[in-house]
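Protein chains in written order, with the numbering used here: chain X, 1 to 375; chain L, 1 to 372.
Any given hint could be a false lead.
Claimed, not checked - Simulated pairs of lysine to any residue, SDA-like, Cα-Cα distance not exceeding 25 angstroms:
# : chain 1 : residue 1 : chain 2 : residue 2
1 : X       : LYS281    : L       : LYS82
2 : L       : LYS82     : L       : ASN16
3 : X       : LYS284    : L       : ASN16
4 : X       : LYS281    : L       : ASP69
To be verified - From the derived model, a few chain X residues whose C-beta atoms are all more than 12 angstroms from chain L:
#  : residue
5  : TYR52
6  : TYR66
7  : GLN97
8  : GLY170
9  : LEU257
10 : LYS258
11 : GLY265
12 : HIS345
13 : SER351
14 : PHE352
Derived by calculation from the structure, the hints in this document are not laboratory data.
Fair warning: this is a prediction, and the values are worked out from it, not measured in the lab.
Yeah, the Cβ is synthetic: ideal placement off N, Cα and C, and Gly gets one too.
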Amino acid sequence: MNAPTLSKPAKPARLQSNKLGLIDCDIHARPKTLTELKPYLSQRWYDHLMTYGTRHRHGFAKGHPYPKSQPANGARRDSFPPDGSIPGSDLAFMQAQHLDHYGIDFGIMNPLSPTGQGEQNPDFSAAMATAANEWQIDMFAGKDARLKASVVIPYEDAQASAAEIRRRAGNRDYVHVLMMSRPAEAHGRRRYWPIYEAACEAGLPIGVHVFGYSGYAATNTGWCSFYIEEMTEHETSCSALVTSMIMEGVFERFPSLKVVLIEAGFAWLAALGWRLDRNWKRLKAEVPHLKKAPSEYIREHFWITTQPMEEPEQPQHLMDVMDWIGWDRILFASDYPHWDFDDPHFAIPPSFGEQRRRMIFSGNASKLYGLEIGK
Amino acid sequence: MSMEPKLGEPTSVGANFRGVDCDVHPTVPGMQALLPYLDAHWREAVIEREVNLESQSYPPNSPLSARPDWRDKNGRAGLDVKQLCDLTLDRWGSSLAILNCIYGVQLLMSEDMAVVLCRALNDWIAKEWLDRDPRLRASIVVPLQSVERAVEEIERRAGDPRFVQVLVLAMGEVPLGRRQLWPIYAAAERHGLPIGVHAGSAYRHPVTSLGWPSYYIEDYSAQSLGFQSQVASLITEGVFQKHPGLKVVLIESGVTWVPAFLWRLGKFWRGVRSEVPWVNRPPAEIFRDHFRLTAQPIDGPENGNAIERVLEHLGSEDVLLYASDFPHWQFDGDDVISRGIPERLHHRMRIDNPLATYPRLGLTVQAIKAGA
Chain X
1 MNAPTLSKPA
11 KPARLQSNKL
21 GLIDCDIHAR
31 PKTLTELKPY
41 LSQRWYDHLM
51 TYGTRHRHGF
61 AKGHPYPKSQ
71 PANGARRDSF
81 PPDGSIPGSD
91 LAFMQAQHLD
101 HYGIDFGIMN
111 PLSPTGQGEQ
121 NPDFSAAMAT
131 AANEWQIDMF
141 AGKDARLKAS
151 VVIPYEDAQA
161 SAAEIRRRAG
171 NRDYVHVLMM
181 SRPAEAHGRR
191 RYWPIYEAAC
201 EAGLPIGVHV
211 FGYSGYAATN
221 TGWCSFYIEE
231 MTEHETSCSA
241 LVTSMIMEGV
251 FERFPSLKVV
261 LIEAGFAWLA
271 ALGWRLDRNW
281 KRLKAEVPHL
291 KKAPSEYIRE
301 HFWITTQPME
311 EPEQPQHLMD
321 VMDWIGWDRI
331 LFASDYPHWD
341 FDDPHFAIPP
351 SFGEQRRRMI
361 FSGNASKLYG
371 LEIGK
Chain L
1 MSMEPKLGEP
11 TSVGANFRGV
21 DCDVHPTVPG
31 MQALLPYLDA
41 HWREAVIERE
51 VNLESQSYPP
61 NSPLSARPDW
71 RDKNGRAGLD
81 VKQLCDLTLD
91 RWGSSLAILN
101 CIYGVQLLMS
111 EDMAVVLCRA
121 LNDWIAKEWL
131 DRDPRLRASI
141 VVPLQSVERA
151 VEEIERRAGD
161 PRFVQVLVLA
171 MGEVPLGRRQ
181 LWPIYAAAER
191 HGLPIGVHAG
201 SAYRHPVTSL
211 GWPSYYIEDY
221 SAQSLGFQSQ
231 VASLITEGVF
241 QKHPGLKVVL
251 IESGVTWVPA
261 FLWRLGKFWR
271 GVRSEVPWVN
281 RPPAEIFRDH
291 FRLTAQPIDG
301 PENGNAIERV
311 LEHLGSEDVL
321 LYASDFPHWQ
331 FDGDDVISRG
341 IPERLHHRMR
351 IDNPLATYPR
361 LGLTVQAIKA
371 GA
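Chain L on its own, in the form it takes in the complex (with noise of 0.2 angstroms):
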């Protein structure tokens, strides 16, 4: 069904490698698309049921969602190959991006639909976009509803090379350094594979410690308490020494909390590391080996010098990777790097970050390079 390149095999990219763009998002149309890859038992559930996975992470119609002049006469946006790779690949300049699906598998509670309705997920996305375009990454979408199926999931499709990443929301059930979830770490690690945390919520608990917000805004901009939470969760549960090649990308984290709640974290180690005495460094320069940002949205000012200070307080320039966040609205005109950001830094964001953080996309751009 699918034509998977194999590592090394040469593609039709050109000779110049100008980066990657490390969050891009495939709109799924609708729970029809999905039924092909579906066997009789399942089609019909998803018909009779009427399962929709539409989530509150993203309402379609919310401002932020997509921008409006992607949007097509129906409103949507991101359904199309060639208006993704029109924008992402060829007008700003990249010559990979990542195909992050953000489609609500994650917030079902039977175990049993949200593993076929991943793997239908992954399938399509083999099949509608990296079949399409050879410029087309992806990561797996996995099922957490049950550790064991997320792993069965990875292995099968990590044979494809152009699947480089496993995705998870930033809120999900259980924080993501509790030991039970680490047969996914070790499978991810095993196939050079980083853990990618994409903004959402499965809707386990709700987006605050204090309960159900009114309003959207705050259901948004409690996405980066989450990130917060994952990071101090893998940090402090020990994960990096159990996995010490495992990477962890933050996507549409924001950035700018970093640095302070790194501070935070530090402080209350250097007090009570007896009571995780695994963590054996400062918990900022585990950040530093082990997680990256994706750099859309920024979430600073772009006029002074804020974002660039709170880049000098990340210290680390490793850190940030480029990202349009399509078809999300967080620019305007085609300012996909925040002006907030140095010159100095775009080469490596583009460029050097994403291979050191993707060693199959390193694989792959070989090839490239071999091939022009």
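Chain X with its partners taken away, still in its complex shape (with noise of 0.2 angstroms):
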């Protein structure tokens, strides 16, 4: 069902005020029903979806565990459509709020829900991973070439999730492979490596999104009260991916890999990298599959993007932490059409430099993702 890429109207002029060039790497498009997904899904299914919704690994049927601090899972008050319909649901709504408004070369979705991803019903899982790949192009990336799309997978089942990966391969209007940040196991974990296999396989980054429900507990203390913890520990699970991804040694079986972290901020890579490489130093008999210190694989294997961007006392910290983290690792994302949204004219100040915010901004995301921009 995907639309044949070269029925694609033309990408519209750049802005003259985007002289840096544009590359959003996190913007969520997501259905305005769940009927809009109906052509994707077989009967079955699309009645299973109509019964029992999606069945994630906590208790809510329809809200979430820390409700979120605005209507529309957590969206921008401005960004609902004039007909009223969910916010990232409308493509020329879309097109006009952030698209052109920013002047934006690619924008890189990343599908939430409903996605099927970290669903407990493994085959429904898959099915609906499928329909939001195939509604991914008909609705947006077949519509707009400035829009890229993720692989969604159904990322419990390996095996599943690297065959959709391999339907997909070699369709350039896919960027990067989605999963969560909270899966049921770390992502180092043996059980998810036919994912990066077939990743690779396929030239293709993964991209893991904050979010999704591991089924334990928010933090390694048990469950936290509030919403803003939830946030704040996007960060700890983040950190414990990255950390399992190292020592299980994923990137010395698989050394084309690229892992690009979204939405978890980034301020927190370099101590992390620190951390790892001072307990390494200590414990190395432990991890012999390491052939170098952890803040190496970090420096070579992760990208990170900037939003929600921490926000320091002095400005002039946080230029510290990029130096550290690498400015070629940092990507530009405003989270569209969410509540924390980083604007692109305000988020990444002139003080960091025309190179710098060059390269924040497109040059680096363009180099990963293979996006030539101002073609």
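Build the complex from these two chains, which are given one at a time in their own frames, with help from the hints.
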């Protein structure tokens, strides 16, 4: 059901104001209603969706364990399309409010729900992932060449995930494979390796977007109370997954694997590398399959998106951290249309200098994803 | 049984107060050491049921658990008062050391067993350590399995001024800010006892929110994630609005993760503070007023200026406390203070900051000076 890419309308001319190029690495598109997915599901799975909905590893049939701070799954108040449908569901409004308004060259869609990721029924999860992938092309990427799709996978079933990746391999409308940050186990565990094998084969990075429900407590000391804590905890799950992928030897087995951490902020990554190096110095005999210091794996295999960008009391402090992480690893992301959206006009201050701003806004993502700007 | 000094009583330490080693670990040789502090029923239970409290957080033979040159012929370290005092006090130049006994009482599932073994552990510390060297101080180990009994244990031991802190682990059953735990904070505040949160897990949950990792290095590296969650919980639940006199010491937590974490929490606080309206000022300010960090390990590169930069990001010279973390293998030779920490901070870390953190320490230090 994929729309043939040749029939896409040409991209609009770039805005004069966008001199540095702009690739937004985190945009959330979603169906207006569940019925929008009907053409992409068998009757059985469509009936299942309408009867049981999606069932994650938590108790809420419709809501979230930590109710969000804003309506429509935490959307910007001004992001509802004119017809009142849910934010992110209307291409024309997304174009006007976001893509055209900021002169975005490319936007990478990371659909969060309903996509079947983390769904408890493995067959339903796989059917939903396939549907989400075809829906992204039909409703968005096939209609606007600026928008790029994620390969949504039913990650708890690695074999089905690898099959889904191979189904999309070679189609340049998909730019990475999407996982959530809290699957049932840490990302380095061997049960997920067929995913990485297929991603490497297809030449696609793994994008890990925060959220998901492992079924375990949101902190390693139990369930926290508040949404504000759930938000800060995205960093702990990302720290754990980076640690797991390194210590399990994923990058020794798959040396070409690239991982993009999305919506986790980034300032924590340098300290994580230092901590792992320090512990590795003492404990390296336990992980003899590592051939270099953990921070070197981070430096070679991980990219990180800006939003929600940490806000130190003094802006200079953020530059220290960016020096430590590497300016070539940091990708701009807005998180449109969510409430904690980072505005491209203000998020990356001019004090960073033109060259570094260009890297963050477009250069790094262009290189990583092979997206050519200005053509 | 014990020789508890009263507050203000002179001791035999010398004239020049040289500061405090804020994290030193006495090793419990085994369960048999605690038997004299149990009644007949529990003695029999411990023996017959082969109760063993060694924790996965510190496998005894793991390189981190004890530095090689401090281990005895059986591979153990920290068993001996003389060894501990010779190194931490005499060799590295401190006047006092705070004993944080890490023994898996927090892991026990039975509230009854946890209560009696915590009590036995604290009595053992008093008799076998505090009574043997007047320069030693200690933390009260409490059974969080029961808030009521934890408060009882604080009350039972608070009369002894050599106990200067209440000790809990970085990973427990519920986050430390949860309101059910607040009676513990009321008792601690009442007696001038900071809450010491030490690395380690009660293993009520996997050490990551993604489940049980494969390797010990992942377990140890996940400690700082637990500390982060505890700071977020203590701040967002409003513990410090309710207990403005309370201090929390993060022990063996590492340091370099703190600024980025506070920037993150601060940003979200600006965004969603309506959820926690009692948090009436920026989290970073609350952190600087109420939290302290021990300075081993320093989880950053010793070369270059990164650690100095991180300390500047922290925005306070009051938060770091000198600590050796003996006998854990955090440094080689006598480099107790990480080379990355600028010298101008050393005096504060050793003397001013510990005295400002532990009010009961101050009382006995006055005694030391008066007696000199």
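Exercise. Kindly indicate which numbered hints from before are broken by the structure, ordering the numbers from low to high.
Key: Those not satisfied are hints 1, 3, 6, 11.
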